[in-house]
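Novice: Chain order of the listed sequences is Y and A. Oh and the first sequence: position 39 is 187 in our numbering, straight run, nothing missing. Oh and the second sequence: position 177 is 159 in our numbering, straight run, nothing missing.
You can trust all of the hints, since none of them are fake.
In silico BS3-like cross-links for lysine-lysine, where the CA-CA straight-line distance does not exceed 25 Å: (1) Y:Lys281 <-> A:Lys58; (2) Y:Lys184 <-> Y:Lys311; (3) A:Lys211 <-> Y:Lys216; (4) A:Lys213 <-> Y:Lys161; (5) A:Lys(-7) <-> Y:Lys216; (6) Y:Lys281 <-> A:Lys55; (7) Y:Lys161 <-> A:Lys215; (8) Y:Lys281 <-> Y:Lys244; (9) A:Lys60 <-> Y:Lys244; (10) A:Lys215 <-> Y:Lys216; (11) A:Lys214 <-> Y:Lys163; (12) A:Lys58 <-> Y:Lys216; (13) Y:Lys161 <-> A:Lys211; (14) A:Lys58 <-> A:Lys5; (15) A:Lys215 <-> Y:Lys162; (16) Y:Lys163 <-> A:Lys60; (17) Y:Lys161 <-> A:Lys58.
To list a few chain Y residues with every Cβ distance to chain A over 12 Å, as calculated: (18) Leu172; (19) Val173; (20) Lys184; (21) Ser204; (22) Gly205; (23) Glu206; (24) Lys208; (25) Arg275; (26) Gly279; (27) Ser320; (28) Gln326; (29) Asn356; (30) Glu372; (31) Asp374; (32) Val387; (33) Lys398.
By construction, these hints were calculated from the structure, which means they are not laboratory data. Remember, it's a predicted structure, so these values are computed and weren't measured experimentally. By construction, the Cβ of each residue, glycine as well, lies at the ideal position given by its N, Cα and C atoms.
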Amino acid sequence: MIGLTNVNFGYQKKKPVLRDINLLVEPGMIYGLLGKNGEGKTTLLKLMSGLLFPDSGECKVFGEMPSKRTASCLQNLFLLPEEIVLPDVSVGEYLKMYAPFYPDFDENIRLNCIESFGLSMSDSLRRMSLGQKKKVAITLALSANTPVVFMDEPTNGLDIPSKSVFRKLLGSSIRENQSVIISTHQVRDLESLIDSVIILDRGGIVLNRSLDEIGNRLDFRKVEADDTVFYSEPSPVGVVGAVLNESGEKRPVSLELLFNAAVLPGDKIRHLFNS
Amino acid sequence: MNNNFSLQRIKYLLLADWIENRKFFLLGAGALFIGLIAIQLLLGIRSIETQLAYFYLGGFVVFVYYCQYISNKVHKSKGLFYTLPANNLEKYLSFLLEGLFFFVGFSCVFWIGLFMLKAFGGSFTIVKFSQLYMGVSDIGLLCLVPSILFLSHLVFRRYAMLISFAGISLFVLLVGWISLKVLLVSVDYWSDPYSISNSALEALDFLMQSFTPALLVCSFVVLYVGYLKFKKKELR
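Pulled out of the complex, with its shape left as it was, chain Y reads as follows (with noise of 0.2 Å):
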């Protein structure tokens, strides 16, 4: 669905942001891109969006390269990025304008996002908050129902009953084979909707794979001493951390403490999923 093989790219010529990035997005998955700040997230979402040109390699989207921006490529993507701008139109407006160029635009899924959000179709965007607006935003990028959808931290300026209103739309709207890559630090967010997560640090991609590989292969606990650790910290609780899984049983994954233990020197984690 989505390849990039050995993409490099850099804002400036010696400062490379992502460096031999090598990246298949399956259909039919929800995937969390985390990162630290200036790690390259929305520098990913833009270059398989086609905002970016990798400066070497190669991104294909369904066989088409985003760089060439092509409708055939583009009606198969949706971007929401972080910042929203909107127009001074209404609601009604606003989706009435995108709606033609997505020939899969489902109503249905619009009429549900408004009806959940508690948005109206003639409410004013010039008038809302910030998170309204991305609630709109997040209606058009669900109602799009394009086959991959882009989302850069779509859960910021939302409130917490919003949040829980977005996850409950996107476990509905996405279909079967829709792929949606989530970039975002609001892990806890997002925890229960993410079937795979991909981790960049230092230019590259130390982790990509789904959650039950590694819940199979990591537990996240309190640590005990007998443990193989990979990561641990001190909690009110004690100590927990990203201890090898010898259970042999499938153990639900904590985001935070595998971020975590993703990006510590040494790439124990990288070593421990390539082995």
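Keeping the supplied structure of chain Y fixed, place chain A upon it in accordance with the hints.
Specialist: For chain A alone, kept in the frame of chain Y given last:
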């Protein structure tokens, strides 16, 4: 939907821009109309030449606003415009069509304004559309200068006007320099002012005749360069 060139997608692009900006366009038309009334009241609109001067001035202001409008779409859209499912060519053609609509809209407001002013007591002959080019010495230049302004706003996020005026000035200097060179070759001032070589005259004559077509071709080249630049635009 056809994934090759599609007039329908151009229609959707134009419709989206109309929905987004119709309030500003209508307000702008109103402002132009009020401006015309103010000019009639304060300065008076009498001769054809005066009307043409106001047309050119208003047209220039509208064109600059159009260039800024395009610049905002290209440089400040935060990605939604670039990821809209339409080909680069369709988006670029929608830009050019919008420029045409701006011109048509301005012309309509201008002439409707003149007719209304005349109906309410104005004593002047309304300029005809066919008289528009009366004051214009060269249609080629009339096409090239706006093309350069358009390209400049497409390419440069800041100082587009400054850069385009610098480019136009450079062009005028270059043409002036070439013309002077040819003139000096064809007329020998220091010996016999009436001694003019036939081949030099022919060259000068050829240049003068080719000037307008050359500028028209240059305008198309500039617009094509604009398309190439737009295709390569990244959102950094």
